[in-house]
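> Chains C and G, in that order, give the protein sequences. Count the first sequence with our numbering and you get residues 1 to 366, in order. Count the second sequence with our numbering and you get residues 367 to 645, in order.
Straight-line C-alpha distance at most 27 Å; calculated DSS-like pairs for lysine-lysine:
hint, chain 1, residue 1, chain 2, residue 2
1, C, K265, G, K484
2, C, K265, G, K373
3, G, K520, G, K424
4, G, K498, C, K274
5, G, K498, G, K520
6, C, K122, C, K144
7, C, K265, G, K424
8, G, K476, C, K274
9, C, K274, G, K473
10, G, K433, G, K520
11, G, K520, C, K268
12, G, K589, G, K553
13, C, K268, G, K433
14, G, K553, G, K433
15, C, K258, G, K520
16, C, K258, G, K498
17, G, K476, C, K268
18, G, K473, C, K268
Residues on chain C that point at chain G, a partial pick, calculated with CB under 10 Å:
hint, residue
19, D257
20, D259
21, V263
22, K277
23, V278
24, S282
25, L284
26, V358
Worth flagging that the hints you see were computed from the coordinates, not collected in a lab. Glycine included, every Cβ here is placed at the ideal spot set by N, Cα and C.
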Amino acid sequence: MKQEITLKQESQKLNVMKPITEFFKLKFGKVNFLKGFKKTGITILSILLFLGFWHLGSKSLYNKEADYKIEKALTEQGQAAADAERACIASGESGCQPNTLPSPTQVWASLQSLIADHYIIKQKKDAFATKMEATNQKLIANGKDAIVYTGRASFIDTVLTSIKTVFAGFLLALLIAVPIGIIIGLSPTLRSAFNWFIQIFKPVSPVVWYLLVFMIVKTIYIGKSSDNAFVISFISVGLCAMWATLVNTAMGVASVDKDYINVAKVLKLGTFQKVFKVILPSSLPLIFTGLRITLSVAWMVLIAIELLAQSPGLGLFVWEEFQNGANDSNSKIIVAMFVIGIIGFLLDRLMLMVQQMVSFNKNEGI
Amino acid sequence: MAYLELKNVCKTYGTGKDSTEVLSNINLTIEEGEFVAIVGFTGSGKTTLVNLINGLIKPTSGEVLFKGEPVLGTSHERGVIFQNYSLLPWLTVGQNIAMAVKEAFPKESKSQVMERVKSFVEMVSLSHAINKRPKELSGGMRQRVAVARALAMKPEMIIMDEPLGALDALTRGNLQDEILNIWNQDKRTALLITNDVDEGIYMADRIIPLKPGPNATLGPEFKIDIERPRDKTALNDNENFMKTRNEIIAYLMTIGDERKSVSDIEYILPDLAPKSFVG
Numbered sequence: 001m002k003q004e005i006t007l008k009q010e011s012q013k014l015n016v017m018k019p020i021t022e023f024f025k026l027k028f029g030k031v032n033f034l035k036g037f038k039k040t041g042i043t044i045l046s047i048l049l050f051l052g053f054w055h056l057g058s059k060s061l062y063n064k065e066a067d068y069k070i071e072k073a074l075t076e077q078g079q080a081a082a083d084a085e086r087a088c089i090a091s092g093e094s095g096c097q098p099n100t101l102p103s104p105t106q107v108w109a110s111l112q113s114l115i116a117d118h119y120i121i122k123q124k125k126d127a128f129a130t131k132m133e134a135t136n137q138k139l140i141a142n143g144k145d146a147i148v149y150t151g152r153a154s155f156i157d158t159v160l161t162s163i164k165t166v167f168a169g170f171l172l173a174l175l176i177a178v179p180i181g182i183i184i185g186l187s188p189t190l191r192s193a194f195n196w197f198i199q200i201f202k203p204v205s206p207v208v209w210y211l212l213v214f215m216i217v218k219t220i221y222i223g224k225s226s227d228n229a230f231v232i233s234f235i236s237v238g239l240c241a242m243w244a245t246l247v248n249t250a251m252g253v254a255s256v257d258k259d260y261i262n263v264a265k266v267l268k269l270g271t272f273q274k275v276f277k278v279i280l281p282s283s284l285p286l287i288f289t290g291l292r293i294t295l296s297v298a299w300m301v302l303i304a305i306e307l308l309a310q311s312p313g314l315g316l317f318v319w320e321e322f323q324n325g326a327n328d329s330n331s332k333i334i335v336a337m338f339v340i341g342i343i344g345f346l347l348d349r350l351m352l353m354v355q356q357m358v359s360f361n362k363n364e365g366i
Numbered sequence: 367m368a369y370l371e372l373k374n375v376c377k378t379y380g381t382g383k384d385s386t387e388v389l390s391n392i393n394l395t396i397e398e399g400e401f402v403a404i405v406g407f408t409g410s411g412k413t414t415l416v417n418l419i420n421g422l423i424k425p426t427s428g429e430v431l432f433k434g435e436p437v438l439g440t441s442h443e444r445g446v447i448f449q450n451y452s453l454l455p456w457l458t459v460g461q462n463i464a465m466a467v468k469e470a471f472p473k474e475s476k477s478q479v480m481e482r483v484k485s486f487v488e489m490v491s492l493s494h495a496i497n498k499r500p501k502e503l504s505g506g507m508r509q510r511v512a513v514a515r516a517l518a519m520k521p522e523m524i525i526m527d528e529p530l531g532a533l534d535a536l537t538r539g540n541l542q543d544e545i546l547n548i549w550n551q552d553k554r555t556a557l558l559i560t561n562d563v564d565e566g567i568y569m570a571d572r573i574i575p576l577k578p579g580p581n582a583t584l585g586p587e588f589k590i591d592i593e594r595p596r597d598k599t600a601l602n603d604n605e606n607f608m609k610t611r612n613e614i615i616a617y618l619m620t621i622g623d624e625r626k627s628v629s630d631i632e633y634i635l636p637d638l639a640p641k642s643f644v645g
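Bound-form chain G, shown alone (with noise of 0.2 Å):
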């Protein structure tokens, strides 16, 4: 049995004329322990895929199967990392996580919660930043405290929604590192969602790419045997990942190109000759 499973899911939004469906037929199966990435173009739906998944929204037909039952609203088995942080400000960053873990785990006493947050704090090695508030912080650590947040909740499954997007390409590297790292210790299983082809290679075991919207849908997968750990300069070197990487490159460009030509509106041109000034 598959760990998640989408089946025939459609999400239309508006009703009657002005409806618009954003996803059709979308087919998805992710094993336990699976690390898999959905590559697409800004505007293809990624986040209404990623919102159906943790139950934020509910499909219009089809069905979003968690651990063969269906997914009717948001659960803590499912921690989410959403694509702009969604720190609340007036919290400090133990705050921000302490939330999170009270309500994941509402037995446990003050000073258990309180163990719980600061070893997640420490996990992103924002210890020194316990007690201040989003406002203080840069967008990697943000990012962090999102991941921690998420994290701090013990969830089975991971669903980041184009979480490195808004950061620099430096504090991006390390973060794909730490995330990595984290998913490694106890091999959850992860969604990652993103629009870099070179960071879906780098974390992921599948990369599917979505085909932009509307009427977006899952083109074929593509599997990245590389050894993990695996080993950012080195890759650029490796013939595995060359080739997996432009395979990859070809048929987004190709469903790109695709999306650009499809157009039902037919221009008439002119009928008009260039007139010969010769002579």
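Next up, chain C with everything else stripped away, as it sits in the complex (with noise of 0.2 Å):
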């Protein structure tokens, strides 16, 4: 019998899919079949007016632009010009479009050229990499350093280096948050000595953030070519989160239910085994839930952080899309939005997958 919490051993199945499951379903009776299409109709069918009114919005702007255009050419250059401006637009020249919210049809174009231009990038990065292999052999046999491809970074490649630095910020968060949680937990002094110092620091912006770690990051890595871009958005990533679970996790430690602490009394538990068998067993659905909090926040400040950071994550591309204002940039950042909100998304399941796992009814014991 294993002393540990044994996590639960049915799997928590990922509601991620469920309409499309649902949709599967139909085929299995008459109930099922009208209950499934019901919700999977709904889902779809809200899908379908949202793609609709998108499309609807961006045409109308689309077409009020163009019509200033030719207005603008028109009460400028004459009506020659103006006529060549419409006919400009209307045969869809990239270079006389207007540049607005993009259709639907636009952003998924967006999406293929991504993937595609993902593709190319690998190759150029492949025959890099094997034209570079002799060399850099040679390189490490006298001991410095290899030549990497430093070549533009591919929109998956943003979405990985995004994830990477999320999960290396919230895995900071947790070292920080929950120790300190469960210290200043146990103890009500340490609780009121670090009172202030929580309550001043939870809502500082996450840019300020970024500038403090900055400071600080840059001058231990001074005289050094390597890149810190990673390391201080992973970091300013880690301190903006931290909070919830350090609250969460010190508040589930303070108010373990009276009956277990008598427990450990009566049993006469010292206090390593009082905190590791009772109390922490006791806060765990509390610490998930904060850490729940902390992974959301964490994916949602990173996209500014990693903007200023310049770290070559999805907060960059959308920005730097912005700033190179070409034509298909607008989409691209549509496209963006929508990876990140469904990475977001996957993020919070996972947590709650967790989450449910660890967790039991407080009042099981009673």
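Since each chain comes alone in its own frame, lean on the hints to assemble the complex.
Pasting the structure below:
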């Protein structure tokens, strides 16, 4: 028999796939068919409605800007220029397209082009690696750094960088917030000593955290050539997001049921045993609630921090596309928006699953 | 020398103006091997009394002596069965009991601990549920786990704080018998706190009523001279049982009435006379 907390064996089904699985269940029975159809149907309908409104909205914005362009050409350069502008817009030439909210089809096309772009960059990278293989081996043999590919990162690379950063930041938050939370939760004196600290630093904006971390890390890395953007961004993300876990852990530890404490006293558990066998397990549900909030906050502040830290993640991607102002930049930004949203949703589901595994009803023992 | 002795024990909660004396002048002696029941109304300070004896709280004044030594904290010698079971919900039945066994017998090897856990789980006939968590058990099963946990530490004295209060009548009867069986095996000293007079008479050698708090004190004791093992069905025809039962209930009724009539506030009734409409 294991003495540790054994997690529940039942696998928690991921809820993400629900509409899809329900759709496939349709063939089983009439009741299921109607029920499933209703639920899936409503989801699909709402998506279609959303796309429809989006399409109409972007079209009207497009027309507005196109009319303005033609009008401008007419007043400034006369009828001939206006006709030329109209023809140019109608022909779909990229040079004279209105730059506004992209339509769903444009966004879809951008997604495909981003994926295609990824494979092109990957090929370039592989080619570079094979070309430099011999040189790099020599360099390493001589004790020097190998030459790495420094070309543009593809969209998928930026997504991976962002996920890596958010997990590094989350891990940092966990390592800082959980132990401190436990310690201040156990001692009312320390809790009041730390309270001002938490209350003051909790509402500080991610941008300011970034600046603080930048000041410190910049000095630590002084004279070193290595890129510190990743370090700065994950530390900032961690510091920004750790507060929810800190507060929840302290609260969970401080509010352990008095019955459990009495049990610990009657069994005469030592301090170590009391903390690890009674207090921590009983506050695990609250700690995980805190961690779930931390992960979603981390993902949210990540975009702003990557932008500032010039870390090659989604945040920088969005900002560079905005600065770029190319024809498909706007639709790439919208693609990034959806990707950010979907990944954030998946991260939250992941944490929810873990949370459900460790949680128990407070009254179960009573 | 008495086994457990309470001398003029008082317990006050709060300080200054807000203080209330829950227990006052409690004097109690329990001899080794005795089964004593304390009967009282809800809210009369029974749990406070239990916590004083097991060492979870300290008396404001007076002394609690266990085998002649003052009680300064909890001890493995006094096993406690809590009113609300207090099982740890994240541990299985076996783990809950193993936790107690490991603390009480730190020198034993893992297999010895396991043996002990298994034998106690078997004793309360829960072998089939050893790997279940408290939420999967019924109230009666949970209480049996709590009983096994308390007894697995091999305490010299068992303190039971309304252990069967939350159970239905049938489960209650079964568990009473189980507890009596266990007590019978090695005649440990037992203290039972209950609000059920019949339960007290059925199980204990002596019954002591607790006058309702605040300022709760112990009333006169009632000896139960019924031979063991007692037969529940025959008990109703036992004259001795009927007599003791009536005495205790009569006593409790009087102190209950006293509590109701004691009030500092004097209500002045309006000076009214009914008007006569006749004539």
